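> Fit chain U to the known structure of chain X by using the hints.
Read off the chains here:
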Amino acid sequence: MRYLPLSETDRGEMLARIGVKSVDDLFADIPKDKLLKAPVDLPRRKGELEVERILSRMSSKNVSASSVPFFVGAGAYKHHVPATVDHLIQRSEFLTSYTPYQPEIAQGTLQYLFEFQTQVAALTGMEVANASMYDGSTGTGEAVLMAHRVTKRRKAVLSGGLHPHYIDVVKTLSEMASDEVKALAADVSGTEDILSQIDDSTSCVVVQSPDVFGNVRDLKPIAEKAHKHGALLIAVFTEVVSLGLLSSPGSQDADIVVGEGQSIGNALNFGGPYVGLFAAKSKYIRQMPGRLCGETVDADGTRGFVLTLSTREQHIRRDKATSNICTNSGLCCLAFTIHMTLLGEAGLTRLARINHANAVKLADALGNVKGVEVLNKTFFNEFTVKLAKPAAEVVERLAEKGVLAGVPVSRLLPGAGLDNLLLVASTEVNTDEDRAALVAALKEVL
Amino acid sequence: MLNRQGRPTAAGEAGTNEHPTFTGNKALAQVEPLLFEIGRADTTGVDLDEPASFTPRLGGQERKDAIGLPGLSEPETMRHYVRLSQMNYGIDTGLFPLGSCTMKHNARLNERMARLPGISDVHPLQPISTVQGALELMSELARYLMTLTGTKAVSLSPKAGAHGELCGMMAIKAAIEAKGEGKTRNVVLVPESAHGTNPATAALIGFVVKPVPARDDGWVHVDDVKKLLGPDVAAIMLTNPNTCGLFEPQVVEIAKAMHDAGAYFYCDGANFNAIVGKAKPGDLGIDAMHINLHKTFSTPHGGGGPGAGPVVLSERLAPFAPVPFVRAGKNGLELVEHEQDAPEKPFGRITAFHGQMGMYVRALAYMLSHGSDGMKQASEDAVLNANYIRAGLSDLFSQPFGDKPCMHEVLFDDTWLKDTGVTTLDFAKAMIDEGYHPMTMYFPLVVHGAMLIEPTESESKSALDLFIAALRDLAMSAKKGETERFTGAPYHAPRRRLDETRAARSPVLKWTPPAPMAEAAE
Numbered sequence: 001m002r003y004l005p006l007s008e009t010d011r012g013e014m015l016a017r018i019g020v021k022s023v024d025d026l027f028a029d030i031p032k033d034k035l036l037k038a039p040v041d042l043p044r045r046k047g048e049l050e051v052e053r054i055l056s057r058m059s060s061k062n063v064s065a066s067s068v069p070f071f072v073g074a075g076a077y078k079h080h081v082p083a084t085v086d087h088l089i090q091r092s093e094f095l096t097s098y099t100p101y102q103p104e105i106a107q108g109t110l111q112y113l114f115e116f117q118t119q120v121a122a123l124t125g126m127e128v129a130n131a132s133m134y135d136g137s138t139g140t141g142e143a144v145l146m147a148h149r150v151t152k153r154r155k156a157v158l159s160g161g162l163h164p165h166y167i168d169v170v171k172t173l174s175e176m177a178s179d180e181v182k183a184l185a186a187d188v189s190g191t192e193d194i195l196s197q198i199d200d201s202t203s204c205v206v207v208q209s210p211d212v213f214g215n216v217r218d219l220k221p222i223a224e225k226a227h228k229h230g231a232l233l234i235a236v237f238t239e240v241v242s243l244g245l246l247s248s249p250g251s252q253d254a255d256i257v258v259g260e261g262q263s264i265g266n267a268l269n270f271g272g273p274y275v276g277l278f279a280a281k282s283k284y285i286r287q288m289p290g291r292l293c294g295e296t297v298d299a300d301g302t303r304g305f306v307l308t309l310s311t312r313e314q315h316i317r318r319d320k321a322t323s324n325i326c327t328n329s330g331l332c333c334l335a336f337t338i339h340m341t342l343l344g345e346a347g348l349t350r351l352a353r354i355n356h357a358n359a360v361k362l363a364d365a366l367g368n369v370k371g372v373e374v375l376n377k378t379f380f381n382e383f384t385v386k387l388a389k390p391a392a393e394v395v396e397r398l399a400e401k402g403v404l405a406g407v408p409v410s411r412l413l414p415g416a417g418l419d420n421l422l423l424v425a426s427t428e429v430n431t432d433e434d435r436a437a438l439v440a441a442l443k444e445v446l
Numbered sequence: 001m002l003n004r005q006g007r008p009t010a011a012g013e014a015g016t017n018e019h020p021t022f023t024g025n026k027a028l029a030q031v032e033p034l035l036f037e038i039g040r041a042d043t044t045g046v047d048l049d050e051p052a053s054f055t056p057r058l059g060g061q062e063r064k065d066a067i068g069l070p071g072l073s074e075p076e077t078m079r080h081y082v083r084l085s086q087m088n089y090g091i092d093t094g095l096f097p098l099g100s101c102t103m104k105h106n107a108r109l110n111e112r113m114a115r116l117p118g119i120s121d122v123h124p125l126q127p128i129s130t131v132q133g134a135l136e137l138m139s140e141l142a143r144y145l146m147t148l149t150g151t152k153a154v155s156l157s158p159k160a161g162a163h164g165e166l167c168g169m170m171a172i173k174a175a176i177e178a179k180g181e182g183k184t185r186n187v188v189l190v191p192e193s194a195h196g197t198n199p200a201t202a203a204l205i206g207f208v209v210k211p212v213p214a215r216d217d218g219w220v221h222v223d224d225v226k227k228l229l230g231p232d233v234a235a236i237m238l239t240n241p242n243t244c245g246l247f248e249p250q251v252v253e254i255a256k257a258m259h260d261a262g263a264y265f266y267c268d269g270a271n272f273n274a275i276v277g278k279a280k281p282g283d284l285g286i287d288a289m290h291i292n293l294h295k296t297f298s299t300p301h302g303g304g305g306p307g308a309g310p311v312v313l314s315e316r317l318a319p320f321a322p323v324p325f326v327r328a329g330k331n332g333l334e335l336v337e338h339e340q341d342a343p344e345k346p347f348g349r350i351t352a353f354h355g356q357m358g359m360y361v362r363a364l365a366y367m368l369s370h371g372s373d374g375m376k377q378a379s380e381d382a383v384l385n386a387n388y389i390r391a392g393l394s395d396l397f398s399q400p401f402g403d404k405p406c407m408h409e410v411l412f413d414d415t416w417l418k419d420t421g422v423t424t425l426d427f428a429k430a431m432i433d434e435g436y437h438p439m440t441m442y443f444p445l446v447v448h449g450a451m452l453i454e455p456t457e458s459e460s461k462s463a464l465d466l467f468i469a470a471l472r473d474l475a476m477s478a479k480k481g482e483t484e485r486f487t488g489a490p491y492h493a494p495r496r497r498l499d500e501t502r503a504a505r506s507p508v509l510k511w512t513p514p515a516p517m518a519e520a521a522e
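First to last, the sequence lines map onto chains X and U.
Residues in the first sequence are numbered from 1 upward in steps of one, following full-length UniProt numbering.
Residues in the second sequence are numbered from 1 upward in steps of one, following full-length UniProt numbering.
Rather than coming from a laboratory, the hints here were simulated on the basis of the structure.
One or more hints might be untrue.
Mimicking DSS-like on lysine-lysine, the simulated pairs with C-alpha atoms at most 25 Å apart in a straight line are [claimed, not checked]: (1) LYS376(U) - LYS280(U); (2) LYS330(U) - LYS401(X); (3) LYS443(X) - LYS386(X); (4) LYS37(X) - LYS280(U); (5) LYS32(X) - LYS256(U); (6) LYS228(X) - LYS281(X); (7) LYS256(U) - LYS21(X); (8) LYS64(U) - LYS361(X); (9) LYS320(X) - LYS155(X); (10) LYS225(X) - LYS182(X); (11) LYS61(X) - LYS183(U); (12) LYS61(X) - LYS37(X); (13) LYS345(U) - LYS171(X); (14) LYS34(X) - LYS280(U); (15) LYS226(U) - LYS280(U); (16) LYS280(U) - LYS171(X); (17) LYS46(X) - LYS32(X); (18) LYS280(U) - LYS320(X); (19) LYS377(X) - LYS361(X); (20) LYS210(U) - LYS152(U); (21) LYS179(U) - LYS227(U); (22) LYS281(X) - LYS64(U); (23) LYS418(U) - LYS479(U); (24) LYS179(U) - LYS46(X); (25) LYS34(X) - LYS152(U); (26) LYS34(X) - LYS226(U); (27) LYS64(U) - LYS220(X); (28) LYS21(X) - LYS210(U); (29) LYS183(U) - LYS182(X); (30) LYS283(X) - LYS220(X); (31) LYS320(X) - LYS152(X); (32) LYS152(X) - LYS183(U); (33) LYS26(U) - LYS37(X); (34) LYS256(U) - LYS179(U); (35) LYS377(X) - LYS345(U); (36) LYS220(X) - LYS155(X); (37) LYS152(X) - LYS281(X); (38) LYS480(U) - LYS418(U); (39) LYS480(U) - LYS34(X).
Note that the structure is a prediction, hence the values are computed from the model and not measured.
Chain X extracted, bound-state conformation:
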């Protein structure tokens, strides 16, 4: 087997040195009747070529985003990732390293984590950011738990504009932890009355902007009301590129900001791995989940970086830890920070303007199609349209025509009476030809 360096001779010599007759003598603690006599019922080993054939065959049964006019979003977005990013994250020293528990030989990882934290804090307008979470949805669940610790209350109010998967993640976690959740009904227009839901028992209000239907929300009044009642505002985003153009959640006085960072540096990957961004006001540092990287000096006085404030974490605090999380999203967070470095402020803001401009063009084009109504007054790069027919059916028909038109709201919220609604996203990858193809296909189907 090409990955195993030991030869039969080596194995024999090593067994002799250990002083046992056969390798099974080393497995003697496994009850005799449980030790397998023969290999399990799976195929034997394969060469690279055969493995490539098998997996390429599976891959070829999928329609990739780059191969068609593509408008699918709702929490994961198709963006162009520079070639440099993918090359750099495959450097052996990044790819095959472990969590930087030995900082003297992990300064590469630690320095980029420190830079990543600085970038995320700047983008979100917050004082402090951690070294990333699994993704935006699990980060949102952690943010709610953190708010409960800070406020010593146990009731979260969730906006009806929050991504339905995120709502489900928070609900599942809260039910299991016996915490209370008040989730508002799906709010297509972004006009829900969330302020009246906040009272002195509220721990936190969770609001997404742009919300899952694309509406840009004003967080300031919500922050103000929440703070009046001693509650925290958790601001969520699923499209981090929007922060290049929109005022930051921090500037609107959010207490915790959490979002999905996939759009920068990371591929769609059918849903994962992604990278959760997590930032907060610095007074809450000691209640934050996840890894934090901090600056220090070495024995020579040279600047260096280490993981810090680990007394919050499970390997020290065990059942008293702020979270059970053990890992971060290492390589995805590296991809994020490299792409962000390539973009810089000038590149990110321009990328955001291109995204918004493309979405505006698309909304205008779709608005002229009979049987299509654009519902949003505000949006960034994604909006909701109402079709004359059920959206799921339309999307299937368009897929047959080689256009991936978006996400039917019924895919996320079945049975909510929103079957004719379609979420449509447009990023920098869409061309005028893509938009024309979508318009033409819609005209045929509707």
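Coordinates of chain U only, in the frame set by chain X:
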């Protein structure tokens, strides 16, 4: 200015600065400032055209202030990150014997497969008819995992090992509640030697953690477990092979005791790599076990993630698995994404979308490459390598539970360092100077000054021979009183020993502009 850019401020002790340079660089060892010290707000490494003029629809929510994100051109970006990478130790650099973490070879075939356009460039909410290959891959991975573990169900959703624990414990909680025992069964037994994630996970969802005391043979005894069992116990979280590197010989009896008491057996599968193809956890009586794809099936650790932690489930827990999951339907494979679409009783959802596809494909590539014969051989070689190290060091190092065969990792304590003035930490730092990544230190907590060494199956005999010789030389040196070799170490790493206390006392968690520059800007 030089100091702000991280250049040395004092001469090294071991002659490393005997020949100081003007730049602070030492040939291939380059000093690399922070991005924020070299980047510029108007620089970008991406060519994008400004869009034609249009009317924004942002509702007056436009950002008015600068963000504060410096950029670099493409060549500068490349150089910045290549230089950072050169300050990192990876598996491809050298032997990485981090116990319990399983730093085995990361095959590049797996990376290539993860970048196939039909895998990496597919959206999780595309129409199901356009992702049949992705669902096939998930179902094939599930089949492999269930076959290797001897179980009937698996949830692929969890994003990492600890997330897998959470998923498994949630399934247990849901099963208990379905039996109407939610109010009464709220205790989870956790051995003192367990990973910190076990008690943290149980506590996160409201369980009360009761420790199972450690014994002086390193094993969990069924009698100790039975003493703690009662109608209030929901489950045990037991790592097997355990964190002391030993297989639990009474695991079957422990499982039976749990089941007889109406409780469940959660197995922490962090060390499953020792027994793949040798024994099936399902045969041992487990109800749930997460599998760290990044350990056992070699998906890259990536400096701390991303991981993946699918959880296999017994028939008793299978109905409670969270959404989503794949099943066969009349038009090919289907994805069940909502609780109301499942005839079973899913406990909910633990993540957006469908889990870590990018990790599934790498793990499946590993399994296909090894095959049933190769996976069995890998487990045997991993165990053989660990025991070879044990045999090579047992006369100099002390073992907390006596000199007996171990599984894939060998555990030493610090008794043998008594009166040398050298601690486990010092010893680890001296290993860095010898070109090795240190072993896991001070874990498990039940062993004083623990040193947990896991060589994995990826090491050749000659690499192990040199490693053993180097550790023997260090040990002799410690015993001879050459303490400076340890207490000042590392001398040859990109940094000398770092001051972690200072970092925690007054945390600096992001870069801020130096004061004079900030004043100038005002």
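> Mind checking the alpha carbons of LYS345(U) and LYS171(X) for me, to see if they're no more than 25 Å apart?
Within the cut-off at roughly 16 Å; holds.
> CA of LYS64(U) to CA of LYS361(X), is that 25 Å or under?
The given pair, whose Cα atoms are some 24 Å apart, holds under the 25 Å limit.
> Holds or violated: LYS320(X) and LYS152(X), Cα atoms, limit 25 Å.
15 Å, holds
> Is the straight-line distance between the alpha-carbon of LYS280(U) and that of LYS320(X) 25 Å or less?
At roughly 33 Å apart (the allowed maximum being 25 Å), LYS320(X) and LYS280(U) break the hint.
> Would the hint linking LYS32(X) and LYS256(U) be met if the CA-CA limit is 25 Å?
17 Å, holds
> LYS61(X) and LYS183(U): Cα distance at most 25 Å?
48 Å, violated
> Would you check the hint for LYS256(U) and LYS179(U), treating anything up to 25 Å between C-alpha atoms as holding?
Status holds; Cα separation ~19 Å.
> LYS152(X) and LYS281(X) were given as a pair; does the straight-line alpha-carbon distance stay at or below 25 Å?
17 Å, holds
> Taking only the CA atoms, is the gap from LYS480(U) to LYS34(X) under or equal to 25 Å?
This hinted pair is violated, its Cα atoms lying about 47 Å apart.
> Take a quick look at whether LYS210(U) and LYS152(U) sit within 25 Å of each other, Cα to Cα.
Since the Cα atoms of LYS210(U) and LYS152(U) sit roughly 29 Å apart, the hinted pair is violated (cutoff 25 Å).
> For LYS34(X) and LYS226(U), compute the direct alpha-carbon distance and say whether it is at most 25 Å.
23 Å, holds
> Would the hint linking LYS37(X) and LYS280(U) be met if the CA-CA limit is 25 Å?
12 Å, holds
Violated hints, listed in ascending order, are 7, 11, 12, 16, 17, 18, 20, 24, 28, 33, 35, 39; each of the other numbered hints is respected by the structure.
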